[in-house]
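Using the hints provided, position chain B relative to the given structure of chain A.
Those protein sequences? They're chains A and B, same order as listed. In this text, residue positions in the first sequence follow my numbering: the first is 1, and each later residue adds one. In this text, residue positions in the second sequence follow my numbering: the first is 1, and each later residue adds one.
The set of hints was computed from the structure by calculation and includes no laboratory data. Think of the CB as a built atom: it goes at the ideal place given N, C-alpha and C, for glycine as much as any other residue.
Derived contacts from chain A toward chain B, CB cut-off under 8 angstroms, selection only:
(1) Arg88
(2) Ser100
(3) Leu102
(4) Ala108
(5) His110
(6) Thr113
(7) Leu121
(8) Thr174
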Amino acid sequence: MKPVLDVTAVSMNFGGLRALNEVQLEVRSGEIVALIGPNGAGKTTFFNCITSIYTPTEGEVWFTPRGGARTKVNGIKPNLVTALGMARTFQNIRLFKNMSVLENVMIARHCRTKSGILGALLRSPAVRREEKEIVDRSYELLKYMGLNKFYKELACNLPYGAQRRLEIARALATEPTLLLLDEPAAGMNPQETESLKHMVFKIRDEMDMAILLIEHDMSMVMSISERIYVMEYGCLIASGTPTEISSDPRVIKAYLGEEAHA
Amino acid sequence: MNELRKSFLVSLWFMFLTFPIMVIRVNTVEKIVVWRWENMAMIGIGSFVLSFVWRWAIRRKEASDAVAASGQKKTGRMAELAENPSLTNSLKALFLVGFLVTPWLVTTYQTNILISFLLYVVLGLGLNVIVGVAGLLFLGHAAFYAIGAYSYALLNQYFGLGFWFALPLGGVFAALAGIALAFPVLRLRGDYLAIVTLGFGEIVRLLLENLSDITGGPSGISNIPRPGFFDIKLSVADANIYIYYIVLALAIITIIAVSRLKDSRIGRALQALREDEVACEAMGIDRVGVKVMAFGLGTAWAGFAGVIFAAKTTFINPASFTFFESAIILSIVVLGGMGSNLGVILGSAFLVLLPEYLRAFSEYRMIMFATAMVLMMVFRPQGLIPAKGRTYTVDDPDLVTADGGANK
Numbered sequence: 001m002k003p004v005l006d007v008t009a010v011s012m013n014f015g016g017l018r019a020l021n022e023v024q025l026e027v028r029s030g031e032i033v034a035l036i037g038p039n040g041a042g043k044t045t046f047f048n049c050i051t052s053i054y055t056p057t058e059g060e061v062w063f064t065p066r067g068g069a070r071t072k073v074n075g076i077k078p079n080l081v082t083a084l085g086m087a088r089t090f091q092n093i094r095l096f097k098n099m100s101v102l103e104n105v106m107i108a109r110h111c112r113t114k115s116g117i118l119g120a121l122l123r124s125p126a127v128r129r130e131e132k133e134i135v136d137r138s139y140e141l142l143k144y145m146g147l148n149k150f151y152k153e154l155a156c157n158l159p160y161g162a163q164r165r166l167e168i169a170r171a172l173a174t175e176p177t178l179l180l181l182d183e184p185a186a187g188m189n190p191q192e193t194e195s196l197k198h199m200v201f202k203i204r205d206e207m208d209m210a211i212l213l214i215e216h217d218m219s220m221v222m223s224i225s226e227r228i229y230v231m232e233y234g235c236l237i238a239s240g241t242p243t244e245i246s247s248d249p250r251v252i253k254a255y256l257g258e259e260a261h262a
Numbered sequence: 001m002n003e004l005r006k007s008f009l010v011s012l013w014f015m016f017l018t019f020p021i022m023v024i025r026v027n028t029v030e031k032i033v034v035w036r037w038e039n040m041a042m043i044g045i046g047s048f049v050l051s052f053v054w055r056w057a058i059r060r061k062e063a064s065d066a067v068a069a070s071g072q073k074k075t076g077r078m079a080e081l082a083e084n085p086s087l088t089n090s091l092k093a094l095f096l097v098g099f100l101v102t103p104w105l106v107t108t109y110q111t112n113i114l115i116s117f118l119l120y121v122v123l124g125l126g127l128n129v130i131v132g133v134a135g136l137l138f139l140g141h142a143a144f145y146a147i148g149a150y151s152y153a154l155l156n157q158y159f160g161l162g163f164w165f166a167l168p169l170g171g172v173f174a175a176l177a178g179i180a181l182a183f184p185v186l187r188l189r190g191d192y193l194a195i196v197t198l199g200f201g202e203i204v205r206l207l208l209e210n211l212s213d214i215t216g217g218p219s220g221i222s223n224i225p226r227p228g229f230f231d232i233k234l235s236v237a238d239a240n241i242y243i244y245y246i247v248l249a250l251a252i253i254t255i256i257a258v259s260r261l262k263d264s265r266i267g268r269a270l271q272a273l274r275e276d277e278v279a280c281e282a283m284g285i286d287r288v289g290v291k292v293m294a295f296g297l298g299t300a301w302a303g304f305a306g307v308i309f310a311a312k313t314t315f316i317n318p319a320s321f322t323f324f325e326s327a328i329i330l331s332i333v334v335l336g337g338m339g340s341n342l343g344v345i346l347g348s349a350f351l352v353l354l355p356e357y358l359r360a361f362s363e364y365r366m367i368m369f370a371t372a373m374v375l376m377m378v379f380r381p382q383g384l385i386p387a388k389g390r391t392y393t394v395d396d397p398d399l400v401t402a403d404g405g406a407n408k
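Bound conformation, chain A alone (with noise of 0.2 angstroms):
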């Protein structure tokens, strides 16, 4: 299988801090791919890293989106990387609360898209079957979430599960190939971490995506991902499959202290 994204030895130093040293990753094409780490690994800041929401000091990150060629994408701006078809959800939800929830995933047709401003005074008939396209597109997205009965309500009047779910459809929306999830299960309760791993595998076998997530959720971590990366301090420590990372002498002393391992 090919690797959709190719990170090498990327670093990133805020001042005198390096919040990243020379992390190496591999997503293949359909592949489910966890990041771990205790708090202020450096994880976040690695997805920024590849979102090019920060642009790393050192390193390259390319991205073979579906159908196109190998493109390197550090240093380019946030925007074209999702239109290339890297899409995100946020640690801490970053949704268009004021506005529906419908819209909020229709914002994220805009890259796939194209009427200007002459198109929205004029309305033609093209202009208005591309937004009965984007109407009809986003419900359906929201449909496959299980949000369509919230369509009407504000973002920020949704239950907080839901939330999570709306942010999973929006980053869908943009038509990735490849979907990075920060932290979707924080904050759930079981039986949501639950259906989560289910639509985790849904998205990724119905829409043919490969996805990268970060969990703190270890029983989730572990039965959903085909190979786990462990970060502790910006460094990369480990690399393998479930079992392999679940034995690791390294990750169990940084997970669980010194002593553990003693």
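Below, chain B without anything else, positioned relative to chain A:
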């Protein structure tokens, strides 16, 4: 009893505060001090009564807030009526007819007031795109108004260009200036952006004031021709009515254009920018492009309005485009309801028409203005008519909405 005590303390406090200005008066001619105790009594009684009214209003507001917080939707009769399309359409038609016939029924003076009302509607709607929809606090709108007005005046003076050529050009120049301003302020938000745009407004005004060789400096430009009407010489009153119709047409075009923009793909991108810049970029929206667009789309209308303003007054000078003007336009948007077109229209009616018709109280205008603003912020911070997002309808027979009812 407790209430009475509170009000008593309030009135005591106000009597103490206003004592130096309301009670003591030094008669410098006879060198005696006049003690006007009757004023103190009046303030005492007045604040005693008002404090009751105030507490009642606050309680009422808190009660309604509690209702809103408990998630219950209030659908009053007004809201229901507003959703009836045949009613709103006939209302719109009624207003249109009303506006069309008014200039023939009222004096030139009244027509003039209506013209300035409509100009402020256009200005407010333009600013609403930037402040209300895109969420960028913008305090230099008068600068673009000035750019529009001076475009016409200067193009006419130096190149003899007529009104109809200058009208689109004024809009284009204002939009270009808006775009030029957008680039240096791309990273700024909120207060910082407000300060820079305020500065820009002053720069434009000072330039106009000091480039005396070109713009005539503080004495401005006079003898700007009124718009021509098929080479027919119109009397001042008729020309005024003609301008009224032009500005009415512009206002209607603005209303339609701005509301269409708001509901379009571009408009949604602008709203996303207001809500969350990082998420907006992560969803594939070009932050720079959208911000520049917001500035251009907002300032162009000020340019159009400026050209008409110059044609209407036939004389312009920098004093017409001070910071006060920007503040008024921003107040119109905030008072009316950010992001709401109907709100802006109502807001400009409030802030432009009321002061005109309450000329008798013009000495107290600023006090009333300030009081109105403070009361608005306390009791209705979302504006007279809060913006309502567009509601989309979808065809889905299986859908059961969250409140249990079937999809309408």
